[in-house]
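A.B. asks: Sequence:
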Amino acid sequence: MITIRNARLDEAGLLAEIGVRAWEKAMVPVGETKAMLDNARSAFMNFTQSRWLTISVVEKHGNPAGWAAREDLDENISDFWIDPDHQGQGLGTALLAAIEADILHQGFEKAMLQSHARNREAVDFFEKHGFSVHWLTVAYNPKLDRDVETVGLSKQLASETANTYGPSGSFE
26 MITIRNARLD EAGLLAEIGV RAWEKAMVPV GETKAMLDNA RSAFMNFTQS RWLTISVVEK
86 HGNPAGWAAR EDLDENISDF WIDPDHQGQG LGTALLAAIE ADILHQGFEK AMLQSHARNR
146 EAVDFFEKHG FSVHWLTVAY NPKLDRDVET VGLSKQLASE TANTYGPSGS FE
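In terms of this note's numbering, the numbers along the sequence shown are unbroken and rise by one, the last being 197.
Misleading hints may appear alongside valid ones.
[What the hints assert, rightly or not] Result set (DSSO-like, lysine-lysine): computed pairs, CA atoms no more than 30 Å apart in a straight line:
1. Lys135 / Lys180
2. Lys50 / Lys135
3. Lys135 / Lys59
4. Lys50 / Lys153
5. Lys153 / Lys180
6. Lys50 / Lys180
7. Lys85 / Lys135
8. Lys135 / Lys153
9. Lys50 / Lys85
10. Lys153 / Lys85
Hints were generated in silico from the structure; no laboratory data involved.
Use the sequences and the hints to build the structure in full.
C.D. replies: Have a look at this one:
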């Protein structure tokens with residue numbers, strides 16, 4: 026059984042470790058993960074302790090298996106991590122649907138996120154769920170303390186309002 030719920034402060038360490046494991050898998054194509062591991066672990070711990078109110082947790086049979094965050098509670102998904110042992114089981118799909126519903130419920134028309142450009146698995150996952158890549162850049166990432174290639178993705182959640190008059194959309 027899959028459940029989506031809000032994070033709790035007392036599970037910050039567990040969520041940080043899930044994030045680290047998922048991050049390590051995602052960073053394999055980049056290399057040098059061992060050199061960045063301490064920084065990543067510290068960043069995840071700091072984030073899950075200080076921003077736990079912005080985190081949604083996906084559970085499988087009552088055990089946390091992944092999490093996502095909207096750091097500024099806006100349309101931007103700042104973090105999305107599924108434990109590698111639980112990937113491919115529908116948890117990411119369920120979590121993404123819940124996050125999208127929250128974004129839409131709060132009045133935003135689209136969801137946006139960024140991912141490492143070489144993280145094909147993540148980019149493919151989000152494209153499969155209706156996201157499109159809109160830009161590619163190289164920028165400093167404070168969580169990793171280095172420059173990274175990043176892609177920006179977005180998905181329209183609400184239908185755009187047509188600028189028409191009348192029920193048929195004509196100007197009669």
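A.B. asks: Would you mind marking each hint as holding or not holding in the structure?
C.D. replies: Hints versus structure:
1. With a C-alpha separation of about 5 Å, the suggested pair Lys135 and Lys180 falls inside the 30 Å cut-off, and the hint holds.
2. In summary, the hint linking Lys50 to Lys135 is supported, as the alpha carbons are separated by about 28 Å, within the 30 Å threshold.
3. Between Lys135 and Lys59 the alpha-carbon distance is near 36 Å, which puts this suggested pair outside the 30 Å criterion.
4. Restraint check: the Cα-Cα separation between Lys50 and Lys153 comes to about 20 Å, which is no more than 30 Å; the hinted pair holds.
5. Between Lys153 and Lys180 the CA atoms are separated by roughly 11 Å; this keeps the pair inside 30 Å, and the hint holds.
6. With a CA separation close to 25 Å, the supplied pair Lys50 and Lys180 stays within the 30 Å bound.
7. Restraint check: the Cα-Cα separation between Lys85 and Lys135 comes to about 28 Å, which is no more than 30 Å; the hinted pair holds.
8. A distance of roughly 16 Å separates the Cα atoms of Lys135 and Lys153; the hinted pair therefore holds under the 30 Å criterion.
9. At roughly 20 Å between alpha-carbon atoms, Lys50 and Lys85 fall within 30 Å of each other, so this suggested pair holds.
10. Taking the CA atoms of Lys153 and Lys85, the gap is about 22 Å. The hint holds against a cut of 30 Å.
The structure fails to meet hint 3 from the earlier list, while all remaining hints are met.
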